[in-house]
Amino acid sequence: MSYKLADLKTDYNIDWCPGCGDFGILNSLMSALVDLQLDLKKVVLVSGIGCSGKTPHFVNITGIHTLHGRDIPFATGIKLANPELTVIDIGGDGNTYGIGAGHFLNAGRRNIDITVLVFNNGVYGLTKGQASPTLKLGMKTKSLPLPNINQAINSLSVAIVSGYTFVARSYAYDVKHLKQIIKKAILHKGLSLIDILQPCPSYNDIHTKEYFEQVVNNSKRIYKLEDEGYDPEVKDPNNHQEIQEKIVKAILKSQEWGDKIPIGVFYKINLPTFEERLIDRYGKKLNPSKSIFEINNKPSTNISNLIEEIKIR
Amino acid sequence: MKVANNFTWLIGGPQGSGVDSSANTFAKTCASVGLFIYGKREYHSNIKGAHSYYPIRISDKFIRSHTDNIDILVSFEKETLLLHHENVVQKGIIIFDKDIAFNKEGDYLLVPIPFNDIIKEAAIKFDKEKDYSKLQIMRNVISVAASLALLKLDFKHLEKVLQSVFTGRRAKLLDINIFSASLTYEYIKSNSFDQKSNYEIIPIENQKERIITSGTTFTGIAKILAGCRFQSYYPITPASDESEYLEAHPEHEVLVIQAEDEIAAITMAIGAALTGVRAATSTSGPGLSLMAESQGWAGINEVPVVIFNYQRGGPSTGLPTRHEQGDLEFSLYAGHSEFPRIVIAPGDIEESFYLTIEAFNLADKYQLPVIFLSDKSIANSIQTLYPFDIDNIKIERGKILSEDQLKEIIEKEGRYKRFKITDDGISPRIFIGQGIFWNTGDEHDELGHISEESNNRTKMFEKRMKKMETILKEVDNSLKYRLYGPQEAEYTIIGWGSVKGPVLDNLEELNKYYSINFLQIILLKPFPSQEVLEILSNSKTIISIEMNYSGQLANLLRKEIGIEVNKRILKWNGRPFSKEEVFKAIIDAINLDTKRIVCNSGI
Chain A
1 MSYKLADLKT
11 DYNIDWCPGC
21 GDFGILNSLM
31 SALVDLQLDL
41 KKVVLVSGIG
51 CSGKTPHFVN
61 ITGIHTLHGR
71 DIPFATGIKL
81 ANPELTVIDI
91 GGDGNTYGIG
101 AGHFLNAGRR
111 NIDITVLVFN
121 NGVYGLTKGQ
131 ASPTLKLGMK
141 TKSLPLPNIN
151 QAINSLSVAI
161 VSGYTFVARS
171 YAYDVKHLKQ
181 IIKKAILHKG
191 LSLIDILQPC
201 PSYNDIHTKE
211 YFEQVVNNSK
221 RIYKLEDEGY
231 DPEVKDPNNH
241 QEIQEKIVKA
251 ILKSQEWGDK
261 IPIGVFYKIN
271 LPTFEERLID
281 RYGKKLNPSK
291 SIFEINNKPS
301 TNISNLIEEI
311 KIR
Chain B
1001 MKVANNFTWL
1011 IGGPQGSGVD
1021 SSANTFAKTC
1031 ASVGLFIYGK
1041 REYHSNIKGA
1051 HSYYPIRISD
1061 KFIRSHTDNI
1071 DILVSFEKET
1081 LLLHHENVVQ
1091 KGIIIFDKDI
1101 AFNKEGDYLL
1111 VPIPFNDIIK
1121 EAAIKFDKEK
1131 DYSKLQIMRN
1141 VISVAASLAL
1151 LKLDFKHLEK
1161 VLQSVFTGRR
1171 AKLLDINIFS
1181 ASLTYEYIKS
1191 NSFDQKSNYE
1201 IIPIENQKER
1211 IITSGTTFTG
1221 IAKILAGCRF
1231 QSYYPITPAS
1241 DESEYLEAHP
1251 EHEVLVIQAE
1261 DEIAAITMAI
1271 GAALTGVRAA
1281 TSTSGPGLSL
1291 MAESQGWAGI
1301 NEVPVVIFNY
1311 QRGGPSTGLP
1321 TRHEQGDLEF
1331 SLYAGHSEFP
1341 RIVIAPGDIE
1351 ESFYLTIEAF
1361 NLADKYQLPV
1371 IFLSDKSIAN
1381 SIQTLYPFDI
1391 DNIKIERGKI
1401 LSEDQLKEII
1411 EKEGRYKRFK
1421 ITDDGISPRI
1431 FIGQGIFWNT
1441 GDEHDELGHI
1451 SEESNNRTKM
1461 FEKRMKKMET
1471 ILKEVDNSLK
1481 YRLYGPQEAE
1491 YTIIGWGSVK
1501 GPVLDNLEEL
1511 NKYYSINFLQ
1521 IILLKPFPSQ
1531 EVLEILSNSK
1541 TIISIEMNYS
1551 GQLANLLRKE
1561 IGIEVNKRIL
1571 KWNGRPFSKE
1581 EVFKAIIDAI
1591 NLDTKRIVCN
1601 SGI
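Each protein sequence line maps, in turn, to chains A and B.
First residue of the first sequence: 1, per my numbering; consecutive thereafter.
First residue of the second sequence: 1001, per my numbering; consecutive thereafter.
Note that these hints are calculated values from the structure, not bench results.
You may find that some hints are simply not true.
Below are the PhoX-like pairs computed for lysine-lysine, each with C-alpha atoms no more than 20 Å apart in a straight line [said to hold, decoys possible]:
1) A:Lys311 to B:Lys1061
2) B:Lys1208 to A:Lys311
3) B:Lys1394 to A:Lys311
4) A:Lys41 to B:Lys1417
5) B:Lys1394 to A:Lys298
6) A:Lys42 to B:Lys1407
7) B:Lys1394 to A:Lys41
8) A:Lys311 to B:Lys1399
9) B:Lys1417 to A:Lys9
10) B:Lys1208 to A:Lys290
11) A:Lys42 to B:Lys1208
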């Protein structure tokens, strides 16, 4: 049975500020899900804390709104315990690159088939506008008493060197572009990051819609990598030279900021997922959530080999 | 007087030199001839070089504790001799390297062993002279052989155990080890040391079938039987042994994930539990500290997850390889605000098995985090046990909706409500993948959506906490406490966790002089106040015993039932209570006018 956009909406009140970039992301996500026509019972949104963390309540599929920064390990547990599920993780820039940075990084080592969306607005919105890990040094957004004293991290570069196999950036108000990127990321087998530039109308008065869409030197500040003919994809994952070249190129592109800000897919490679590595370890595809261990309330696991090991002879 | 079958043997040496494997070989050999053993591992937070030791207590009866006294002390280096010789009993035996200058005045049998000569002879015989330094590891098998020769045990028993030890990759070392062991036997006999030895092992024939296992192994086996199929962990002593055991048995398909930290470990387990799998994490003190916030999430979202905490010396890094029962109060309260949680503590290795299965049942039935409060002593000790009774083991999963039941609810009520308010506080559960529901760490309505509405808050909080009453109503008394000794007694010893072993090993003897029983609390949260109050009201004097500084159970008794224990037996030096020490402490508690009896035995 097919589903439409209206089927994906809940009657839960969306309490984001008027004009928030999050609306664009929510629309893109729901449109992507409509295009993909997945079995909705088997799709789960997992989110962290902050404005972005509320997203699951607005979508009529199972939603697990977790702790600040811990959405990725929650999502990891869910996906590994039931690999049949499509797991989409949502966090903000403070959530994912700040308090959850350790998980963000280590997820790359595993390459589990989940999609991570980061609503990146440069501030901690829900706590009234403190600087986030993506706000550049010296910037003073409107609720900061003094300019930001920390360097920003480049999350795309971090993702690429940490082992993410699909790394992209998009823009909250380009719903068409973002929808396409989300679809690609969900279909990608492996760990995907989409860093989404998301204007916060309440607390970030620098990175506004007008800023991102401004025309600088006769061209729009935000431009699409695909329009430049940029090719993010490693064609032969066994070719180390190609991998190195693509990584360097992607990192260079991810450093670009200011008059020109690229969006699109920066890096993509098909490598064995963690789930596939587990097949080697266990000799079969595991689905722990479907494991049968009792019959009529009696344990059904045969542990005789374990008892043999400890038996006294 | 000759001593047969009841003694303590201790081997010590630098970490990494084979102390553990010697002790295991000795224990297995004694067990194989029908004896009972209890072994305790003591080691430093160090990889190689620091002093470690391993006493094995042997008995012809079932035993559950170690002793401070040593009958046979074995070592091939000086530090062990210096540290432990004072604990050797009169007429005891000290086995040492003849190249070490060692003398001890008194009525002891000193047995110098020519380790180097034996190893050299074996090396020549097997044409391995160039491996001489590697062969030094055979000092272990020589130590064990010397001990067993002095115990006048037929060589064939050791040979059989060595055959079971040197298998697989190590099979090629079997012959040279057996040869060295036999040279050692000859040396002991030709010098008549065995004739001078006051000790012997007399095999017990037709002994019932038994097993020999440690706390972490037995808990691991129980997890597999319980149906735990997801375990995430972060490496930490002494808990990791259990996760590694599960990892080493992929045929049972427990998905073991080494997480990047303990916060990831518990949140992965909670996520996994949401899909319906029985999920757990295993950790020790510092890890439990990191898991505090996540427990609150599992509490407010009513997720069954089991946290195995092997307590060790704290606070902070504390005594990372040593024993303590210092995490009780933290386990009861960890996390901000209030949420339902169960805390249960096994008293020994055997109880760990049954309670592990119960821990998963409780988590499922009451949909909440369960803390399984074990400790280093249980984790790392080894013991002979009778095989367990699988027939009485039940798996209970609680209120889980089938596809049909879910359909029916949706048809009737329009929506499935994950947090439906019910009389007993438990809402029927579905898994991710089965139907649509929401979870959130925010206060939520019945659907699982964020709600700050005041009436909802009052009701929802109460619904969750109500489960604590339901648990106390429904749970069997055998899961709440055990009472040992006379039903009514003048003195009641009250304790929890691994104090059980040394207390029970003394109870019979103590009852020759006093009327004493032992109340072991198993369910620490929710606290079985009614039952405990009833038992304690029968005794005149209450003596608590626990391995921590302040007496955390005693504090809990005051809070939960308003009873102040008369005496507190306490210890926090990182070494578990010994049998003799507990005997003396209880006698002191009865006779001395002091409220705190502080113990400090162990090296």
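Hints versus structure:
A threshold of 20 Å between alpha carbons decides the hint, and for Lys311 of chain A with Lys1061 of chain B the separation of about 18 Å falls inside it, so the pair holds. Note on Lys1208 of chain B and Lys311 of chain A: the hinted pairing holds, with a Cα-Cα distance of about 11 Å set against a maximum of 20 Å. Using a Cα cut-off of 20 Å, the hinted pair Lys1394 of chain B and Lys311 of chain A is violated, with the two alpha carbons roughly 23 Å apart. With a C-alpha separation of about 15 Å, the suggested pair Lys41 of chain A and Lys1417 of chain B falls inside the 20 Å cut-off, and the hint holds.
Distance check on the hinted pair: Lys1394 of chain B and Lys298 of chain A sit about 5 Å apart at the alpha-carbon level, within 20 Å; holds. With a CA separation close to 16 Å, the supplied pair Lys42 of chain A and Lys1407 of chain B stays within the 20 Å bound. Only pairs whose Cα atoms come within 20 Å are accepted, and Lys1394 of chain B paired with Lys41 of chain A is rejected, the gap being roughly 31 Å. With a C-alpha separation of about 37 Å, the suggested pair Lys311 of chain A and Lys1399 of chain B falls outside the 20 Å cut-off, and the hint is violated.
For the proposed pair Lys1417 of chain B and Lys9 of chain A, the alpha carbon gap of about 17 Å is at most 20 Å, so the pair holds. A threshold of 20 Å between alpha carbons decides the hint, and for Lys1208 of chain B with Lys290 of chain A the separation of about 38 Å lies outside it, so the pair is violated. At roughly 52 Å between alpha-carbon atoms, Lys42 of chain A and Lys1208 of chain B are farther apart than 20 Å, so this suggested pair is violated.
This entry does not satisfy hints 3, 7, 8, 10, 11, going by the numbered hints stated previously.
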